[in-house]
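Engineer: The residues making up each chain are set out below.
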Amino acid sequence: MSTNVMGVFEFEDEFIGALRRLKESGFDELTAMSPIPLHEADRILGFGKSPVRRYTLAGTIIGAAMGFAMAVATALTFILPTAGRPIITIPPYLIISYEMTILFGVLFTLLGFHVVSGLPAWRDRIYLPASNVDRFTLVVECAEAEKSMLAENIILESGAEEVSRVEGDR
Amino acid sequence: MADYVEPTYAEVNQDVLRAMMETGPKYWATLGTSIAVAGICFFIPWFYQLEVGVGVAGMNRSAVWGTYLSNFIFWIGLSHSGTLLSAVLHITNSSWRKAIYRSAEAMTLFSLITAALFVMVHLGRVWFVHWTVPVPNQMGLWPNFRSPLMFDVMAITTYLTASSIFIYMGSVPDFAAVRDASTGLRRKLYTIFSFGWRGTAKEWHTLGWAYTFFAVLVIPLAVSVHSIVSWDFALSLVPGLHHTVFAPYFVTGAIFSGTAGIVTVMFLLRKYMNFERYIREIHLVNLGKLLVLLSLIWTYINIMEVFTTWFSGSSYELEALEWRLTGFYAPMFWEMVLFCAVVPLLILFKRIRTSWRSMLIISILINIGMISERFIIVATSQPRKFLPNAFGFYFPSAIEISITIGSFAVFTTLFLIFVKWVPAVSLYEVKETLKPLRRSR
Amino acid sequence: MSTALEKFKKYRKPGYYDKFDYHWTMSIDLDRCTGCEACVVACQAENNLPIVGEQQFAMRREIKWIRIERYWEGEYPDIKLQFIPMLCQHCDQAPCEIACPVFATYHNQDGLNTQVYNRCIGTRTCAVYCPYEVRFFNWFTYEWDEPLEQQLNPDVTVREKGVMEKCTFCIQRIRQAKDAAKDDSRRRVRDGEIKPACVQSCPTEAMVFGDLNDPDSQVSKMARNPRGYHVLEELNTTPSIVYLKRVHTDG
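Residue numbers (my numbering), protein chains in the order written: chain Y, 18 to 187; chain B, 2 to 442; chain R, 15 to 265.
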């Protein structure tokens with residue numbers, strides 16, 4: 018039975034300090050909530066390059082290929098010559114391809130965002146509304162009781178306003 | 002401003018959410034008026050036109066395109082600064098963007114919708130407009146991807162999709178803030194809108210990456226959209242339209258008019274939603290500088306367009322140019338030159354640049370000039386094509402003028418609805434620009 | 015694999031067709047044209063062209079698939095009058111055709127620039143792109159007062175509002191002639207068998223219609239005439255109408 022320890026901070030630098038110390042003490046199950054993106058927190062929690070970029074790349078490649086293929090395939094289903102142009106015209110179809118590249122790039126990035134971030138998550142999870150206003154909150158999952166004592170100590174020493182044990186889905 | 006006190010994080014939430022959630026009688030009056038104007042000036046004439054035929058407009062042979070199309074270009078143009086500017090400033094890390102970008106992007110979205118409405122108004126048989134979309138239809142026929150209009154369909158649908166995703170994703174953390182600050186039905190709705198956002202480091206990190214990719218993808222898209230709109234004209238043989246300079250000309254004009262539009266919207270937001278602490282002089286001055294730059298580019302391209310036309314020596318081109326510079330619509334042409342090339346130079350004076358009122362007037366004048374520019378492009382080229390026998394004349398009818406006026410009400414209505422549904426200033430990005438909350442300060 | 019490559023080459027061929035089945039062409043001898051406008055009336059009767067009324071005419075919304083353009087040269091009393099019958103040129107590289115997003119106008123195997131009314135959504139782009147100004151838009155659904163609706167040609171549709179229309183070279187007559195040729199088990203239509211309404215009604219026989227693919231047809235001979243030229247040839251639209259005019263060098 019694991020317990021969740023939640024610490025609430027008023028200041029960004031203390032919050033970052035607590036995160037760093039928890040990480041160094043071997044706590045890996047950390048959730049950091051903040052009203053603004055903190056690049057320092059990303060670094061501590063080990064978020065490097067996001068896998069979203071793979072989705073974007075895949076989307077643009079698929080879009081480019083599909084765009085051109087769609088233009089060619091639809092032109093071949095009905096042979097309707099216009100204006101002395103060939104049926105498969107390269108420059109206009111490249112424009113279609115270009116637009117589809119961007120469309121699919123955007124849609125796949127959106128998909129990637131949802132997959133990577135785990136959103137939408139409309140279930141109840143541990144959350145402190147103030148952390149979306151002006152508080153920095155961290156939740157650390159501890160496997161054993163003594164571990165959670167250690168975590169509480171670290172959080173308090175770092176300068177937290179409040180420490181509590183909370184139930185729920187992290 | 003020496004007496005400027007930075008708001009705290011909590012104050013940011015309070016101010017912005019109050020502006021969004023508290024609705025006074027003034028707001029309802031404005032919304033009611035704009036819905037009424039949109040209905041009376043835009044939709045009723047449009048339905049009448051659908052019933053009777055496009056003939057109720059003033060278009061005729063040789064000028065089969067009219068104000069509907071020029072307004073379409075204008076609205077597409079106005080849409081150009083929001084998302085584009087926001088994306089450029091995002092990837093160049095300009096922090097002054099952050100207070101204004103949400104409303105700028107909303108402007109993009111709603112002017113795009115208005116522009117799309119104008120396509121519908123323009124079409125002769127709008128009830129078959131779905132034939133231009135690449136989905137199977139009852140004829141088993143696909144659209145013609147070799148047509149510049151199809152480029153347009155693809156570009157505008159992509160742009161609409163991309164900019165709505167862009168603005169939505171940027172608002173997700175703010176939807177969460179609205180959720181936390183509200184109760185009842187609104188809370189339920191915003192729980193859904195915010196995807197259950199908690200602001201964890203993972204979520205911020207992913208959003209940051211995704212948002213940057215959106216920005217990177219939107220920039221070439223926005224440039225391509227107005228280039229493609231210009232190709233609707235430039236791919237024809239019509240003298241006065243068949244110019245290679247048209248794509249950069251349209252893109253510059255679009256960003257120009259859109260930036261002026263942002264200044265106008267910024268003024269109104271600041272004044273009527275009490276955002277004085279967030280929309281500040283620095284925004285005005287920076288946008289002013291951008292306006293001067295864009296005005297100079299626009300002027301240069303205009304001079305080049307006239308010069309290359311004159312230098313070509315082609316009698317058709319010269320005929321069209323002469324009609325444009327000295328014909329019936331010449332006053333409009335010179336008014337455009339005055340408003341778009343001369344008036345923006347006033348921004349070079351510091352007193353004008355830093356005054357909200359003078360910038361509001363300049364921004365409105367620029368957009369009047371840009372409407373005229375689009376009208377001139379459409380109305381002075383077609384009546385002077387090749388065969389003198391078919392030379393014509395175009396003047397908009399009362400219905401067209403009414404629909405043009407109504408379109409502004411449509412835009413205003415959408416925007417007014419928007420400010421009550423989405424925080425008009427991005428909460429988290431404004432917080433990022435404030436002094437960080439540090440004890441060791 | 016080689017067939018796929020051949021197919022690809024075929025689809026990459028400009029204009030798609032190696033050769034049209036028929037290359038319908040018209041020659042108009044301007045030295046013979048008297049400007050009587052019989053062709054205009056004949057076209058009106060044959061193709062169910064609506065009469066738009068006085069007010070719409072004043073707004074330049076008349077629908078005349080063929081019109082006589084009239085140009086004055088010089089000053090009175092030393093004055094000359096020139097006529098040019100102007101109708102759809104059925105260009106091989108038609109500027110109007112690239113414009114249509116829904117394939118309402120395309121090039122058929124007879125070299126005709128066709129307009130499919132049912133597909134048209136009324137963007138009017140083709141009319142803007144056309145340098146000859148021979149595309150006409152139905153601004154309203156026009157009606158024929160009784161008993162005029164009795165004279166409508168049953169072989170031709172009546173167009174509704176919001177649709178672009180233009181000269182078809184009387185495609186209904188071409189169709190009938192081709193069917194008749196097939197019924198007689200002939201491979202091709204005889205020269206002179208098809209006469210569009212304007213050609214048929216021309217009192218001075220200034221207009222000749224026929225197949226340019228047949229080198230012996232009358233129109234081919236006319237096309238080889240040294241007086242021949244195309245209107246707005248410099249735009250490179252390669253029109254199917256050859257105008258014949260003796261150039262006056264005396265000024």
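Among these hints, one or two may not hold up.
[Said to hold, decoys possible] Label pairs and their calculated CB-CB ranges:
id: 1; chain 1: R; residue 1: 21; chain 2: B; residue 2: 392; range: 23 to 33 Å
id: 2; chain 1: Y; residue 1: 128; chain 2: R; residue 2: 196; range: 50 to 60 Å
id: 3; chain 1: B; residue 1: 33; chain 2: R; residue 2: 174; range: 15 to 25 Å
[Unchecked claim] In silico DSSO-like pairs for lysine-lysine, Cα to Cα no more than 30 Å straight-line:
id: 4; chain 1: B; residue 1: 421; chain 2: B; residue 2: 436
id: 5; chain 1: Y; residue 1: 40; chain 2: B; residue 2: 436
id: 6; chain 1: R; residue 1: 33; chain 2: R; residue 2: 196
id: 7; chain 1: B; residue 1: 421; chain 2: Y; residue 2: 66
[As the list claims (entries may be wrong)] Residues on chain R that point at chain B, a partial pick, calculated with CB under 10 Å:
id: 8; residue: 77
id: 9; residue: 100
id: 10; residue: 166
id: 11; residue: 170
id: 12; residue: 172
id: 13; residue: 176
id: 14; residue: 177
Hints were generated in silico from the structure; no laboratory data involved.
Keep in mind the model is a prediction, meaning the values are calculated, not measured.
Idealized CB from N, CA, C, for every residue including glycine.
Engineer: Per the CB criterion, is residue 172(R) less than 10 Å away from chain B?
Structural biologist: violated, 14 Å
Engineer: Taking 10 Å as the limit, does the beta-carbon of residue 166(R) come near enough to a beta-carbon in chain B?
Structural biologist: violated, 20 Å
Engineer: For the pair supplied as a hint, residue 421(B) and residue 436(B), confirm whether the alpha-carbon distance does not exceed 30 Å.
Structural biologist: holds, 28 Å
Engineer: Checking hints one by one. Is residue 176(R) an interface residue toward chain B, by the C-beta closer than 10 Å rule?
Structural biologist: holds, 3 Å
Engineer: Quick one, are residue 40(Y) and residue 436(B) close enough, alpha carbons at most 30 Å?
Structural biologist: holds, 27 Å
Engineer: With a cut-off of 10 Å, does the beta carbon of residue 177(R) approach a beta carbon of chain B closely enough for the hint to hold?
Structural biologist: With Cβ-Cβ at 7 Å, under 10 Å, it holds.
Engineer: Holds or violated: the hint that residue 100(R) contacts chain B, with Cβ atoms closer than 10 Å.
Structural biologist: holds, 7 Å
Engineer: Is the gap between the beta carbons of residue 33(B) and residue 174(R) within 15 to 25 Å?
Structural biologist: violated, 38 Å
Engineer: Given residue 77(R) was flagged as interface, is its beta-carbon under 10 Å from a beta-carbon of chain B?
Structural biologist: holds, 9 Å
Engineer: So, as I understand it, the hint says residue 170(R) touches chain B; can you test that by seeing if any CB pair is closer than 10 Å?
Structural biologist: Result: violated, 20 Å to nearest chain B Cβ.
Engineer: Given the proposed pairing of residue 33(R) with residue 196(R), does the C-alpha separation stay at or below 30 Å?
Structural biologist: holds, 20 Å
Engineer: Given the hint that residue 421(B) pairs with residue 66(Y), does the C-alpha gap stay at or below 30 Å?
Structural biologist: violated, 36 Å
Hint compliance for this structure: hints 1, 3, 7, 10, 11 and 12 are broken, all remaining hints hold.
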